[in-house]
Amino acid sequence: MDRKRRIILTVLIAMVVIAILLYLSTWLILNFSYIQENIDNPMMQRAIINIIKRKIPQVIALVVVSILTASSSLVFQTITNNRILTPGILGFDAIYMVVHTFLLALLGTSIFVTNPYLNFLLVTILMVSISVLMYVAILRKNKNNIIFLLLFGMILSTFARSITNFVQVLMHPDDFTALLGRTSVSIVNINTSLVYVSLPLMVLVIILFARKHHTYDVMALGENYSTNLGVTYNRESMLGLIYISVAVAISTALVGPLSFLGLIAANIARELFKSSSHIKNMIYASLFAILFLVFGQVIIEIINYKTTVTTIVEVIGGLYLIYLIVKENRR
Amino acid sequence: MNIYKSMVKQRILLVCIFILLLIASLFIVSYSNFIPELLKGNPDALLILTHSSIPRTITIVLTAISLSVSGVIMQAIGRNKFISASTIGTTDAALLGILIGVIAFPKLNNLARLGFGFGFALISTFVFVLLMQKIKFKNIIFVPLMGMMYGALIGAITTIIAQQAGMEQILAMLRQASFGHINSQNFRIVLFVIPALIFAILYATKFNIVMLGEDFSKNLGVNYRLVIIIGLCIVSIISASTFIVVGPIPFVGLIVPNLVTLYYGENVKKNLFDVALFGGILVLLVEIISRLLVYPYLVPISLTMGIVGAIIFAVLLMWRMRRGS
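In order, the protein sequence lines correspond to chains A and B. Take 356 as the starting number for the first sequence in this note's numbering and just add one per residue. Take 11 as the starting number for the second sequence in this note's numbering and just add one per residue.
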């Protein structure tokens, strides 16, 4: 790594740390003078501690989501051999919502729905099977046709959204209320009950990705080369896809769909560091994703929740995707 | 001769199906013993017929026909079978216009809202068509892809504006399409599609020529630019007026022309009737399904059509990819 990139990396890490600190203390900074006046009041002291206590799981959730989204997008791009598609764009998080809704509509209030851990497990298993099925049926055959896949992903997302709403309209009001608590998660309304469960899962997924990072480096060369170099291409693709599905399931369960975050983080990391090593790219992309989410959330809090990070990510990601498509067309 | 006869037979069959669905749509209402009460001359039942059933059915038919025809025109102008008002951002721009109209002038009536929606839809579609002519894409799927991204972008901007004005709930209402609330008072805006449809019929031959490209149409003495602008105006007024009365119904403008082309080949003028007929049948059918599914309640047609349409479109897309066209 040359000097320039080392500087960028240092700045990036510093900014991430600052963003996290800012996120934890936005409220304190915004109301600084008021707090200073009342600092001796025990009520105020308790309030400060409570707010920081509430913010810590949120920040962990944001970090977990960022790392998972960034790494899964990178691996997905290697498996599908392109730089435009990410699981979010292909509608994986929409599939998560469909599975969740259907489960609730069909099973009602059985143990698989009421117990959040069991429910999460079941939804993840179903989602893994659906995405593997999708890979076999569509992704593998049309691998060279990114544009077709993009369009397909968009239709899939529309379809998933319609069918989710549809089932929600049809279902019993009690079930609907239960579902709303589970699926209306967003960055502002993080599902903090799952945060500590998701931590070990995230570590597991990251270890699985990291263990295979040399394999992915080889797979980036293409199917023929990697077969020659002794990588069982189909098996590794399938395994990678299973890990990705788990990653998407965790992050969607925590903060809901974030279609373009992975795309932005993965591509900016590649552009800035120009590295082709997966493990390095994963670290860079994760840092960018954390910066984007946490810093974005700080800004949203400063402007008093006038809009949401999801919407901002959508605008920037949409513009970026248009740029990438035009570039792809030129080639 | 035989082929011609079978085509005529098919058409007669389709017309019969259409009329049957029309009658079904008129008499499927959430009122117990509707038809017997009607025959007895119950004034309540009569009121429902004249103030709800008839305006609703008129709206369904007009919306269906105009959306399908606007799809045909869009695909002829863009020379691409994968575009329609909903895949190149026209619908999203109409929504943005209507929302801005509502925010800036809260006391506006529907007619003025129509103006806002129409203006935004026209400008946005025009910009998009210009951009697409500049960039010249190699692969035909690029255009709808860019269009959907463009639409999503407009949608995100609309969301931000709604968030600023605290109008997220109104936005969520506007984004849902349903025929449930239509009565004899609020359906009139949809009548604006009738002049648009007349223009579509008058210019059908010219759209056919425009489909061959700019040079070709100039050689044949057609004013290329003018025809395109008229086409865009027709599409925009249809998008805006159906949006105000019903809401955005996805996929109709996209799949109906494609399905008709599969059967009858590509000819705007000859297909116009079939497209209208087919669109009418599809929307009436889906509307009746969404009416009966949780009877006496009503599922918004945007959801039912989103599911049915997505499946049909995905199949069409894969079929066309396999044929390599």
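No lab work stands behind these hints: they were computed from the structure. Incorrect hints may appear among the rest.
Which chain B residues stay away from chain A? Per the calculated CB distances, all over 12 Å, these [stated by the list, open to error]: (1) 14; (2) 54; (3) 116; (4) 121; (5) 147; (6) 150; (7) 169; (8) 176; (9) 179; (10) 240; (11) 273; (12) 274; (13) 276; (14) 315; (15) 319; (16) 321.
BS3-like, lysine-lysine: derived pairs with alpha carbons at most 30 Å apart [to be verified]: (17) B:19 <-> B:279; (18) A:682 <-> B:117; (19) B:144 <-> A:682; (20) B:50 <-> A:496; (21) A:661 <-> B:117.
Stretch-level coverage of chain A by chain B, calculated; a stretch enters the list once three of its residues show a Cβ under 8 Å from a Cβ in chain B [what the hints assert, rightly or not]: (22) 506-520; (23) 580-592; (24) 675-685.
Model, not experiment: these values are computed from the prediction. Where a beta carbon is used, it is the ideal one built from N, C-alpha and C, also for glycine.
A quick look at each hint next to the structure:
Once the 12 Å rule is applied to beta carbons, residue 14 of chain B is consistent with being away from chain A; the minimum gap is 36 Å. Even its closest Cβ contact with chain A, about 28 Å, leaves residue 54 of chain B beyond 12 Å, as expected for a residue assigned away from the interface. Remark: the non-interface label on residue 116 of chain B is consistent with the geometry, its nearest Cβ contact in chain A lying 20 Å away (cut-off 12 Å). The Cβ of residue 121 of chain B lies farther than 12 Å from every Cβ of chain A, with a closest approach of about 31 Å, so its non-interface assignment holds.
Not every beta carbon of chain A lies more than 12 Å from that of residue 147 of chain B, the smallest distance being close to 6 Å; the non-interface claim is violated. Annotated as non-interface, residue 150 of chain B brings its C-beta within 12 Å of a C-beta of chain A; the closest such distance is 9 Å. The Cβ of residue 169 of chain B does not lie farther than 12 Å from every Cβ of chain A; its closest approach is about 5 Å, which violates its non-interface assignment. Some Cβ of chain A comes within 12 Å of the Cβ of residue 176 of chain B; the nearest lies about 10 Å off, and the non-interface call is violated.
No Cβ of chain A comes within 12 Å of the Cβ of residue 179 of chain B; the nearest lies about 14 Å off, and the non-interface call holds. At roughly 28 Å, the least C-beta separation between residue 240 of chain B and chain A is larger than 12 Å, which holds for a residue marked as non-interface. Here residue 273 of chain B stays apart from chain A, with its beta-carbon at least about 22 Å from theirs, past the 12 Å limit. The non-interface label for residue 274 of chain B is consistent with chain A: the shortest C-beta to C-beta separation is roughly 25 Å, beyond 12 Å.
For residue 276 of chain B, the non-interface assignment is confirmed: its Cβ lies about 21 Å from the closest Cβ of chain A, beyond the 12 Å cut-off. Its closest Cβ contact with chain A, about 8 Å, brings residue 315 of chain B to no more than 12 Å, contrary to its assignment away from the interface. Distance check for residue 319 of chain B against chain A: the nearest CB is about 8 Å away, which does not clear 12 Å, and the non-interface claim fails. With 12 Å as the threshold on Cβ separation, the claim that residue 321 of chain B sits away from chain A is violated: the shortest Cβ distance comes to roughly 7 Å.
Distance hint between residue 19 of chain B and residue 279 of chain B is fulfilled; the C-alpha atoms sit about 20 Å from each other, no more than 30 Å. Annotation: proposed proximity of residue 682 of chain A to residue 117 of chain B is violated, straight-line Cα distance about 45 Å (limit 30 Å). Restraint check: the Cα-Cα separation between residue 144 of chain B and residue 682 of chain A comes to about 14 Å, which is no more than 30 Å; the hinted pair holds. Taking the CA atoms of residue 50 of chain B and residue 496 of chain A, the gap is about 62 Å. The hint is violated against a cut of 30 Å.
Between the alpha carbons of residue 661 of chain A and residue 117 of chain B the distance comes to roughly 25 Å, so the proposed pair stays at or under 30 Å and holds. Coverage of the stretch 506-520 of chain A by chain B holds. Counting CB-CB distances below 8 Å, 11 residues qualify, and the rule asks for three or more. A count of 0 residues in the stretch 580-592 of chain A with a Cβ less than 8 Å from any Cβ of chain B is obtained; the coverage claim is therefore unmet, three being the minimum. Evaluation of the coverage hint for the stretch 675-685 of chain A: fulfilled, as 5 residues show C-beta separations to chain B shorter than 8 Å, against a requirement of three.
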